[in-house]
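Participant: In order, the protein sequence lines correspond to chains A and E. Quick note on this note's numbering: the first sequence kicks off at 1 and runs consecutively. Quick note on this note's numbering: the second sequence kicks off at 96 and runs consecutively.
Check each hint, because a few of them may be wrong.
[To be verified] Only pairs whose alpha carbons sit at most 30 Å apart, straight line, appear in this in silico DSBU-like list of lysine-lysine: (1) E:K155 / E:K128; (2) A:K33 / E:K155; (3) A:K33 / A:K60; (4) A:K60 / E:K155; (5) E:K128 / A:K60.
[Claimed, not checked] Simulated restraints, written as ranges between beta carbons of each label pair: (6) A:P30 / E:L160: 33 to 41 Å; (7) A:E12 / E:A115: 25 to 33 Å; (8) E:A159 / A:A11: 36 to 44 Å; (9) E:A156 / A:R42: 16 to 24 Å; (10) A:D54 / E:V163: 40 to 48 Å; (11) A:A70 / E:A156: 23 to 31 Å; (12) E:I144 / A:E56: 18 to 26 Å; (13) E:G108 / A:A73: 44 to 52 Å.
Please keep in mind that the hints were generated in silico from the structure rather than gathered at the bench. All C-beta atoms, glycine included, are put in the ideal place defined by N, C-alpha and C.
Protein chains: 2
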Amino acid sequence: MFGLIGCMRAAEGRRDELLAILSAQIGEMPGCKSYVIAADARDADAIWITEVWDSEADHKASLALPHVQATIAMARPLIAGFDSHVITRPVGGVI
Amino acid sequence: MFGLIGCMRAAEGRRDELLAILSAQIGEMPGCKSYVIAADARDADAIWITEVWDSEADHKASLALPHVQATIAMARPLIAGFDSHVITRPVGGVI
């Protein structure tokens, strides 16, 4: 499996708007086993996205899906930056 | 929902052993919607655990479950430390 853990920063005061955009059009993403969009409970502008995919190729392919492209386009103006980006190899748990 | 994103460090050279212990006895954890155990792809000693629970209370209750207590006891000697611990509020995605 292939995993990602990333933290992005919303433009000041616009996190809820960004969270709504990110979670509105999740739709079908082949090979996606987990895709969690979450607000940081302590940092008012931080959003965490944690992902598990069957393979890195599945993740790459998802970025070309029309609904994912549309979401990225809508979200981009509300993203102030990216704090951390970790690549992982999920091994187990409740997935 | 209640979420956690944490990074722990395995004792040097013993990450695979620790990963095996952590993922061996997952069992039933009421209220657990996602519990991903993953190796950091670039840092040889780092393990990431990302969790989504129906509530913070469900997460707290899980720590008293016998199989969770047993896992913690087995894992503790192989844990060198904890790097990061983020509390989140999951809002959507593929969970």
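Participant: Determine for every hint whether it applies to the structure shown.
Facilitator: Hint check:
no.: 1; hint: E:K155 / E:K128; result: holds (14 Å)
no.: 2; hint: A:K33 / E:K155; result: holds (25 Å)
no.: 3; hint: A:K33 / A:K60; result: holds (14 Å)
no.: 4; hint: A:K60 / E:K155; result: violated (36 Å)
no.: 5; hint: E:K128 / A:K60; result: holds (25 Å)
no.: 6; hint: A:P30 / E:L160: 33 to 41 Å; result: holds (35 Å)
no.: 7; hint: A:E12 / E:A115: 25 to 33 Å; result: violated (44 Å)
no.: 8; hint: E:A159 / A:A11: 36 to 44 Å; result: holds (41 Å)
no.: 9; hint: E:A156 / A:R42: 16 to 24 Å; result: holds (23 Å)
no.: 10; hint: A:D54 / E:V163: 40 to 48 Å; result: violated (28 Å)
no.: 11; hint: A:A70 / E:A156: 23 to 31 Å; result: violated (40 Å)
no.: 12; hint: E:I144 / A:E56: 18 to 26 Å; result: holds (21 Å)
no.: 13; hint: E:G108 / A:A73: 44 to 52 Å; result: holds (45 Å)
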